[in-house]
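Residue numbers (the numbering used here), protein chains in the order written: chain A, 1472 to 1744; chain B, 31 to 346; chain C, 3 to 320.
These aren't lab readings, by the way, just hints derived from the structure by calculation.
Built from N, CA and C at the ideal position, the CB exists for glycine as well.
Careful: at least some of the hints might be erroneous.
If the Cβ cut is set under 7 Å, some of the chain B residues that face chain A in the computed set are [claimed, not checked]: (1) Ala48; (2) Gly51; (3) Asp227; (4) Ile240; (5) Gly241; (6) Leu242; (7) Gly243; (8) Asp288.
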Amino acid sequence: MIRINGLTHRIGATPILHDIDLTLPRGKLIALIGPNGAGKSTLLRLVARLEPLQAGRIEIDGLDLATTGTERLALAMAVMGQQTHVASRLRVAELVGFGRWPHHHGRPRAADREAVEQALDAFGLTPLRHRFLDEISGGQAQRAHLAMTFAQGTDWLLLDEPLNNLDMAHSRTLMARLADLVGARGRSVLTVVHEVNYAAAWADHIIAMKDGRIVAEGAPETVLTEPVLSALYDTPIEVSRHDDRPLVLHHHWHDQLGSPFPKPSDDTLRVLH
Amino acid sequence: MNARPLAAGLALALLVLASLGTGAARIDLAAGGGWTTLVLMESRLPRTLAVLLTGAALAVAGTVIQSLVRNRFVGPDTAGTGESAALGLLGITLLAPAAPIWIKMVAASLAAMAGTALFLAIVRRLPVREVMLVPIAGLVLSGIIGSVVTWIAWEADLLQFVGTWLGSGEFSGVIAGRYELLWIAGAAAGLAWFAADRFAILSLGDGVAIGLGLSTRGVMRLGMVVVSVVSALVVTTVGMIPFVGLVVPNIVARIMGDNLRASIPVVAAGGAGLLLACDLLGRIVRHPYEIPVGTILGIAGSVIFLWLLYRPVSHG
Amino acid sequence: MDRPAATLIAALLALLAASSLVWMFQGIGGGNRAFILQLRGTKLAGLVVVGAAVGIATVLFQTVAANRVLTPSIMGFDALYVLLQTGLVASLGVAGFAALPNAARFLASVAAMSLLAAMLFGTLVGRGAKDIPRTILTGVILGVLFRSLSTFLARIMDPNAFAVVQSVSFASFGSIDAALLPVAGGIAALCMAGAMWLAPRLDVVALGREAAVSLGLRFDRLVLVTLGLVGMLVSVSTALVGPVAFFGLLVAGLAHGLAPSARHAVLLPAAGLIGAVVLVAGQTLFERLMGQAATLSVVVEFAGGLFFLFLLLKGRVR
Ligand SMILES: Nc1ncnc2c1ncn2[C@@H]1O[C@H](COP(=O)(O)OP(=O)(O)OP(=O)(O)O)[C@@H](O)[C@H]1O
Ligand SMILES: [Mg+2]
């Protein structure tokens, strides 16, 4: 269980997060949604101890973030940031292998090698294992980073927009793997997702953020509703149901929608046409 | 894949033999004799060892600093480290002229560390995406610290003294008893190999490193110690050796990637080989006079570097 | 020229006159007046020529390269000059080199330098170099290459000739080569006149290659001519005092900051005057008041280097 109490964060003088209290249950696939700039990455980075805590308290499975050593935390949670580009010239298998570092500190054992193989396999990377990261596609590199996070084998997985660069099939595979980790092995996942329908289809629990605050939280049915989503993204959104889960319809003919951008004037439109 | 290391090892061995056989004094390696042994043990062998140690240590230090700043276009000689070491040595020479050599070395290393820390602090404040600004900042910083050293030395009438550190490095003065400190530089490079995985993880980015439970500060400090000790000892024993720490890691990374545990030994061998080849060239070109290895490297290294700058980049 | 610009130029002229007077007459004793005055006069002329040459060369170069942090020195111009000199020594031999009349030798190097600079750097900066940092790095590395080649050549031909190269490899405002002064001054004056003549067109160049070409300017040719001028000016200053890396940056930065307009008719004389004032006033300060003849070059380099770092950190390099 991750407990967050009184979490406030500012960058320079700008407040980014406002006094957040949140409890993330274990054994669930939790999706964090919200518009750009809502503070999702900041929240995730704070929980992942990638940013120093300014005010408030965070606890992961009983470990106080402020006092627990970073090596110990690496055995409790694995993190994948929003930006995954690395300048280093590594092969896919080498990168994934570093996911086991917290367990062996440089002396891999059979179990570590086994975990790397499984992770490579889980993301369809076995044929690419000897390729350099700067010589594969963006989505393949994204999968390599995901595999590295999986290989770490921790109870908690924190992922910031893991679907970036992934095609439809790999997106679905990833969500299925996450659901499987949670359902079959009792792990816990917190992931930022922009495509709400992935959250609708796979998540057990959804947290909606806006302007540095939690605006809604709960089961998909309670959060993914027309009033909540329309207010969250400042644009009319329709929600239908499919397979007993919410299905969010937002690919309408754009003229009917209010847009977060100022509506173009008639003059501009005339020029555009 | 198996033939390559063998060929490389053979080439290095040949270079070593050539180095032992080349010099101003005439000796006959086959015949042996007292004179030959003397020349070998007092001059040729120490020189060859000094070159090997320096080349290996500098190349490894280059790998380390490149992973600290996550930039391929820097080396220990373009980060202000050498000039800072000279500044420290100059300072201790002025303050405590009679201090034993190890104190002087410690002072030089500490100053080098401060200079490297300054460089890292500057790099952190540079606009992130501008890859080429990092080496430029390092070069300018080197220039600034160098001008301070020159000024103090001028004031204290020690310009001659300082010239041997800031001028282009050479090994012609190396004899038994004058190079042994370089073993410490070699040991520092060995330490870097020991921590190779940590540097490799650090170069993946702070986020990944912290996520894997690595103390980024600790690794940074370790890296700074390695780079500073190597630069300080090299600068004070043989002078500035440009480009080895810059081009060798680049070329090795191109061929075999950045899995440092595997690549650091290759980097070390490459640095040793390159420096020895240049040193030999400097001894042969105008025999019996010598051209400093720093000058030869200034030519060879800048040509290689320009090639690295303008070669078509693999997309990434 | 409009009011504020004229005021600036007049103020700079007054400053230059004042510092020159102090330089000439400060602490002059009774005996040997004429000799001392002549000595000081020569040095003054040298400082003025060098300051103006560096200032104007830098502004010209920055305009052509469309960048405010580049200087000819950073790009390796002076190293190229030293290499040329060495090359001449190498091909003629030390004795032959010394036998050449000073002026002829100098003229030959300047002509070669001007050509080479235009050819080499024309391709590098002429197209409005897109990747400025890479261009700078290239220049710096070229500088190292040229310097190493000079040393190498010098060592190869004759270990003694090494000293000849060494003597032109370090900046020193204290010891100006008096014999070269008339020729160098003449060339510098010609170049400056040429630059002033080009001034209106340089204003167009400053708009960028595309705008300039669509306004009907023969852009590429103008870039080559300007780089040729820069090459000559750098030769002059390097021959007189040796290489100065960051001084030009400081001067051009000041000129752009102080000048009320971006027109080259104002910018160029302002830069020239600022360069001269800084050198004359600085040398007076260091040599006379602090008794340290050799430190000006170090201080100027130090300040210029810091200024460059400042520009880097401010993200102005682009
Ligand atoms: N380095 C920074 N300096 C200043 N403000 C920042 C910085 N990083 C983030 N912010 C601001 O903090 C707020 C939250 O940013 P955050 O990255 O957490 O958003 P997000 O919800 O992850 O958005 P996205 O969906 O675009 O990834 C934004 O308003 C952003 O402008
Ligand atoms: Mg984000």
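Could you work out which earlier hints the structure fails to respect and list their numbers in ascending sequence? Hints 1, 2 are the ones this structure does not satisfy, whereas the remaining hints hold.
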